[in-house]
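Listed below are the residues making up each chain.
There are 4 protein chains.
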Amino acid sequence: MRYQHLNNLARLVIHCPDQPGIIAEVTNFLKSKGANIIDLDQHASTLNGGEFFMRLEFQPNTKEFDVESVNSLFAEKVGFKFSMQWKLTQAVNLKKMVLMVSKHDHAFLEILWRVKRKELAIEIPCVISNHNELQSICEGFGVPFHYVQTSESKKQTEKNILKLIDEDVDGIILARYMQILSPEFVNKFQGRIINIHHSFLPAFAGANPYQQAYDQGVKLIGATAHFVTEQLDEGPIIAQDVVRVSHRHDSNQLKELGRDVERSVLTRAVKCFSEDRIILNKNKTVVFE
Amino acid sequence: MRYQHLNNLARLVIHCPDQPGIIAEVTNFLKSKGANIIDLDQHASTLNGGEFFMRLEFQPNTKEFDVESVNSLFAEKVGFKFSMQWKLTQAVNLKKMVLMVSKHDHAFLEILWRVKRKELAIEIPCVISNHNELQSICEGFGVPFHYVQTSESKKQTEKNILKLIDEDVDGIILARYMQILSPEFVNKFQGRIINIHHSFLPAFAGANPYQQAYDQGVKLIGATAHFVTEQLDEGPIIAQDVVRVSHRHDSNQLKELGRDVERSVLTRAVKCFSEDRIILNKNKTVVFE
Amino acid sequence: MRYQHLNNLARLVIHCPDQPGIIAEVTNFLKSKGANIIDLDQHASTLNGGEFFMRLEFQPNTKEFDVESVNSLFAEKVGFKFSMQWKLTQAVNLKKMVLMVSKHDHAFLEILWRVKRKELAIEIPCVISNHNELQSICEGFGVPFHYVQTSESKKQTEKNILKLIDEDVDGIILARYMQILSPEFVNKFQGRIINIHHSFLPAFAGANPYQQAYDQGVKLIGATAHFVTEQLDEGPIIAQDVVRVSHRHDSNQLKELGRDVERSVLTRAVKCFSEDRIILNKNKTVVFE
Amino acid sequence: MRYQHLNNLARLVIHCPDQPGIIAEVTNFLKSKGANIIDLDQHASTLNGGEFFMRLEFQPNTKEFDVESVNSLFAEKVGFKFSMQWKLTQAVNLKKMVLMVSKHDHAFLEILWRVKRKELAIEIPCVISNHNELQSICEGFGVPFHYVQTSESKKQTEKNILKLIDEDVDGIILARYMQILSPEFVNKFQGRIINIHHSFLPAFAGANPYQQAYDQGVKLIGATAHFVTEQLDEGPIIAQDVVRVSHRHDSNQLKELGRDVERSVLTRAVKCFSEDRIILNKNKTVVFE
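Chains as they are written, first to last, in our numbering: chain G, 1 to 289; chain B, 1 to 289; chain H, 1 to 289; chain Z, 1 to 289.
Rather than coming from a laboratory, the hints here were simulated on the basis of the structure.
Where is the CB? At the ideal position from N, CA and C, for every residue including glycine.
Don't take each hint at face value.
Heads up, simulated DSBU-like pairs for lysine-lysine below, C-alpha to C-alpha not over 35 angstroms straight-line [unchecked claim]:
id: 1; chain 1: H; residue 1: 271; chain 2: B; residue 2: 163
id: 2; chain 1: Z; residue 1: 116; chain 2: G; residue 2: 95
id: 3; chain 1: G; residue 1: 284; chain 2: B; residue 2: 31
id: 4; chain 1: Z; residue 1: 81; chain 2: G; residue 2: 118
id: 5; chain 1: G; residue 1: 33; chain 2: B; residue 2: 33
id: 6; chain 1: H; residue 1: 81; chain 2: Z; residue 2: 31
id: 7; chain 1: B; residue 1: 116; chain 2: H; residue 2: 271
id: 8; chain 1: B; residue 1: 31; chain 2: G; residue 2: 81
id: 9; chain 1: Z; residue 1: 271; chain 2: H; residue 2: 282
id: 10; chain 1: B; residue 1: 163; chain 2: G; residue 2: 87
id: 11; chain 1: Z; residue 1: 81; chain 2: H; residue 2: 282
id: 12; chain 1: B; residue 1: 271; chain 2: H; residue 2: 118
id: 13; chain 1: Z; residue 1: 282; chain 2: H; residue 2: 81
id: 14; chain 1: H; residue 1: 87; chain 2: Z; residue 2: 33
id: 15; chain 1: G; residue 1: 118; chain 2: Z; residue 2: 95
id: 16; chain 1: G; residue 1: 282; chain 2: B; residue 2: 31
id: 17; chain 1: H; residue 1: 81; chain 2: B; residue 2: 116
id: 18; chain 1: G; residue 1: 31; chain 2: B; residue 2: 87
id: 19; chain 1: H; residue 1: 282; chain 2: B; residue 2: 116
id: 20; chain 1: Z; residue 1: 95; chain 2: H; residue 2: 77
id: 21; chain 1: H; residue 1: 271; chain 2: B; residue 2: 271
id: 22; chain 1: H; residue 1: 284; chain 2: G; residue 2: 103
id: 23; chain 1: Z; residue 1: 95; chain 2: H; residue 2: 33
id: 24; chain 1: Z; residue 1: 81; chain 2: H; residue 2: 31
id: 25; chain 1: H; residue 1: 154; chain 2: H; residue 2: 31
id: 26; chain 1: B; residue 1: 118; chain 2: H; residue 2: 96
id: 27; chain 1: B; residue 1: 81; chain 2: G; residue 2: 87
id: 28; chain 1: G; residue 1: 31; chain 2: B; residue 2: 116
id: 29; chain 1: H; residue 1: 103; chain 2: G; residue 2: 284
id: 30; chain 1: Z; residue 1: 87; chain 2: G; residue 2: 116
id: 31; chain 1: H; residue 1: 118; chain 2: B; residue 2: 96
id: 32; chain 1: Z; residue 1: 103; chain 2: Z; residue 2: 31
From the structure, some residues in chain B lie toward chain Z, with a derived Cβ separation under 10 angstroms [what the hints assert, rightly or not]:
id: 33; residue: 216
id: 34; residue: 242
id: 35; residue: 282
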């Protein structure tokens with residue numbers, strides 16, 4: 001996030017069918033509100049009849065900039081006209097993201113520390129886990145920890161989890177949460193659940209990716225942050241990275257090296273999400289980094 | 001370059017003092033000409049009173065889009081008003097770039113092959129060298145080669161070189177040209193001469209950077225593409241990259257590894273230049289990659 | 001290769017069941033021949049009862065070092081005792097590697113240029129292609145080019161190819177050769193055919209990997225150099241690398257970016273092969289880089 | 001570290017003038033003790049009359065392997081003969097490393113977490129700081145924290161620090177300790193103090209490297225872990241890495257991106273130190289990674 005010390009920063013993210021004149025209308029509108037655009041990133045998927053994607057950061061002209069009324073006006077004057085999906089946000093309103101984790105602490109800790117150090121501009125209302133090992137560490141960060149025992153019925157378990165998640169939550173981070181979520185659960189938070197998978201997808205989906213990588217003898221191992229969909233490990237990819245490995249590394253060492261990649265890739269994905277940099281486009285993402 | 005198969009693509013690059021409303025005016029203008037913006041990248045250096053940088057690609061509405069008349073109109077309606085420095089170009093008009101080289105062939109060949117393969121959208125009117133070793137290879141690519149002997153007077157030598165360079169040349173690529181150019185020469189092509197230096201500047205400026213790197217025991221070696229200014233190896237940096245090395249590499253092997261980095265970094269810089277992605281900003285560059 | 005300017009360099013590569021004392025016996029033997037070991041790299045796959053891998057470079061004590069007689073002696077004194085597979089070579093005897101290619105010239109040219117520039121210490125006795133587009137470029141490098149038309153019978157085609165390959169060839173490089181080789185052909189050159197596949201295997205095996213990568217929306221694309229086996233795109237991996245991509249890249253641009261990765265990954269694999277750095281270990285490789 | 005779950009692992013690291021036969025003698029000795037060598041990495045700096053470097057990991061034949069008596073015997077039989085400097089260690093004896101820090105917590109926390117998670121096989125007897133901000137976090141990890149106020153006399157301050165450091169400490173980690181140590185202090189721990197500098201040395205030595213990097217407009221920023229010598233920021237380099245930056249990053253953002261590189265580079269250096277992978281060679285290092 002630029003200008004992180006400043007409260008006075010707003011963002012507008014737009015997705016719609018492409019046609020000439022969209023940027024002009026949007027920026028005319030912002031100009032009429034006295035806004036100064038700081039960063040703008042736009043992309044059309046093809047030359048004609050493609051998809052239009054845009055993200056911009058602007059400085060509203062007064063500190064009393066009222067998002068709701070500006071949003072209504074934008075809908076009326078611009079949004080509906082171009083069949084837009086859009087989002088208008090203020091940087092000062094941090095995204096609320098629930099953190100879910102099982103036993104592995106590396107990705108979980110990375111997120112907690114970065115939030116504490118204000119490197120990730122999110123709020124974590126609570127952590128939910130199907131184990132209780134991480135409770136005391138979590139509470140050491142001042143974050144409420146909920147241990148939700150896995151019952152025989154996934155439905156019941158998820159019901160228990162849902163009670164703990166506020167309706168206005170912006171997203172959910174699965175920082176190595178090792179339970180498969182039901183389609184019902186996933187659909188409730190469509191495009192809002194970020195998972196870190198410990199392989200370079202689509203290679204090594206499913207269980208034990210490091211063992212799979214070891215058996216295959218790959219020379220790079222990776223991690224993938226993606227939105228969760230009904231299809232396991234197949235949701236739209238947000239961020240990926242790899243690290244070089246060799247014959248000297250056994251599968252335990254792949255895990256150790258991989259943990260570092262998982263931490264950085266999940267961080268990048270959450271950071272992009274928190275700064276409204278991601279636009280979902282069917283089974284893919286546009287990420288304005 | 002996007003849509004490289006298409007002729008019908010234009011670019012507008014702008015640098016001016018920042019103020020609210022610039023994007024609106026520019027895009028209104030383009031809208032009035034029927035243009036469809038394909039990619040737009042904008043950046044303001046600070047929140048208030050900073051510098052405004054923008055690059056956009058658009059599709060004019062007719063194939064008869066006349067750059068000159070649109071440019072005049074833009075000057076009148078938008079450019080002067082905002083004290084802009086701008087450039088309006090058409091992708092179909094390839095940049096003409098003279099290639100200068102001494103004896104090392106790696107960067108030189110990389111450029112020639114990429115041009116031949118149409119991976120670099122430039123035209124090379126000629127190659128100029130202070131040695132004649134590369135003449136036959138150069139001519140094998142169908143590119144005229146001029147051997148300009150280094151005379152005792154740098155002034156005279158450069159005079160001989162200047163005779164070979166058309167006035168309308170867009171840029172000069174120094175692909176390991178081992179002569180220092182005079183301030184007079186450099187100033188004639190300010191912001192248009194791209195050099196590849198075989199170190200990660202500002203480390204190891206000057207002669208024998210690989211030997212310097214070896215003596216220092218660094219664990220990464222690099223290359224830097226930069227615009228040439230009067231100060232040796234100090235011009236605005238366009239692109240840099242590094243590669244990992246170890247105690248197993250002697251200075252010859254550093255050179256060998258470094259050559260690959262030089263090739264890719266110079267390519268990236270020339271590619272950005274050819275696609276109007278670089279804006280000079282005093283001693284730095286804005287590169288919209 | 002270290003000390004590439006020197007003729008007087010030999011290499012010994014060993015693979016055998018692990019047990020205590022192997023290194024001592026091998027180095028005692030070399031000491032008795034007056035050799036000075038310059039670089040040694042050894043690895044045991046597990047603590048007990050694993051596999052033993054070793055590569056070393058040494059300087060024989062005289063220029064008249066006779067590989068054959070030393071090899072016989074080594075067999076008798078050391079090799080058989082430890083059930084070794086080993087290889088004793090001299091750096092001055094460049095590996096002979098046939099280059100096979102279809103239409104894409106990037107990997108093909110990279111290899112030819114590096115050989116010409118002596119960056120790859122191999123000899124290319126000839127190029128074999130199922131197309132004739134690259135004939136004149138190839139011959140410009142002074143390398144014989146054989147166009148072998150694909151006949152209806154793969155058996156016949158490969159028979160024609162085999163006539164062109166000397167029996168003593170050390171290896172075959174498939175620099176984007178787009179025909180699937182028969183199991184018979186592959187088995188004749190087991191562990192000696194290096195292919196470059198344009199994806200990060202095991203992701204996107206088979207045809208059109210860049211299109212597959214584009215459709216999947218991955219954020220990195222890669223290339224894999226591997227030994228060819230009967231199973232398509234499943235042979236032991238030698239080298240891999242990736243490059244970052246984004247929503248801005250269409251599948252043509254993925255191809256363009258990918259070409260650079262293919263070039264460098266294939267180069268690395270061939271370089272390792274040429275310097276006896278690769279030991280095959282079932283479906284994996286040990287690469288002493 | 002390989003086989004990290006095992007106690008029964010020893011290491012031998014050797015530096016001496018090169019001559020034929022060293023490896024044979026060393027491995028004969030180990031064979032006579034019943035050791036099985038697991039990993040061996042050797043390097044000679046030049047063909048003749050160079051420096052010899054070797055690191056090996058081996059499994060002694062009994063759990064009662066006595067380092068001291070084996071060491072004495074090695075000295076007598078091998079070490080003195082070849083004028084070696086060597087070190088014989090057991091993996092189970094973790095290196096004791098004092099952690100020194102000022103106010104920045106990122107590198108400090110990275111080390112503490114990795115030690116806690118057993119990813120770094122070191123023991124931290126205590127943390128010493130010239131500030132007290134990090135005391136409670138430190139103690140949360142169960143590590144003693146000593147706040148040593150900076151007095152007017154550096155001599156006195158360092159005297160106070162030295163009282164806190166046991167004589168048998170293996171090393172000191174400066175995890176962003178912002179005081180310059182006196183030559184006396186440095187010399188007491190020659191080759192044992194690891195510092196993380198927040199730039200790609202030798203570029204941007206001294207104060208405020210991120211600001212220097214910003215002013216220079218570099219396209220990569222880096223971090224360097226090095227041994228501390230009397231010359232500020234000039235000690236032998238152990239590890240370096242970089243991350244790509246652009247015009248979009250102000251100096252605060254460079255700091256934020258740089259912190260991640262600092263964390264990983266310092267970790268790598270400490271890991272190599274803890275596993276006896278580093279050999280000092282005048283103003284450079286040999287790192288057997």
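Cross-check of the supplied hints:
no.	hint	in the structure
1	H/271 x B/163	violated, 44 angstroms
2	Z/116 x G/95	holds, 31 angstroms
3	G/284 x B/31	holds, 29 angstroms
4	Z/81 x G/118	violated, 58 angstroms
5	G/33 x B/33	holds, 25 angstroms
6	H/81 x Z/31	holds, 16 angstroms
7	B/116 x H/271	holds, 26 angstroms
8	B/31 x G/81	holds, 16 angstroms
9	Z/271 x H/282	holds, 31 angstroms
10	B/163 x G/87	violated, 58 angstroms
11	Z/81 x H/282	violated, 42 angstroms
12	B/271 x H/118	holds, 28 angstroms
13	Z/282 x H/81	violated, 42 angstroms
14	H/87 x Z/33	holds, 29 angstroms
15	G/118 x Z/95	holds, 33 angstroms
16	G/282 x B/31	holds, 29 angstroms
17	H/81 x B/116	violated, 57 angstroms
18	G/31 x B/87	holds, 24 angstroms
19	H/282 x B/116	violated, 42 angstroms
20	Z/95 x H/77	violated, 42 angstroms
21	H/271 x B/271	holds, 29 angstroms
22	H/284 x G/103	holds, 32 angstroms
23	Z/95 x H/33	violated, 40 angstroms
24	Z/81 x H/31	holds, 16 angstroms
25	H/154 x H/31	violated, 51 angstroms
26	B/118 x H/96	holds, 32 angstroms
27	B/81 x G/87	holds, 32 angstroms
28	G/31 x B/116	violated, 46 angstroms
29	H/103 x G/284	holds, 32 angstroms
30	Z/87 x G/116	violated, 42 angstroms
31	H/118 x B/96	holds, 32 angstroms
32	Z/103 x Z/31	violated, 50 angstroms
33	216	holds, 6 angstroms
34	242	holds, 6 angstroms
35	282	holds, 9 angstroms
Hints 1, 4, 10, 11, 13, 17, 19, 20, 23, 25, 28, 30, 32 from the earlier list are contradicted by this structure; the remaining hints agree with it.
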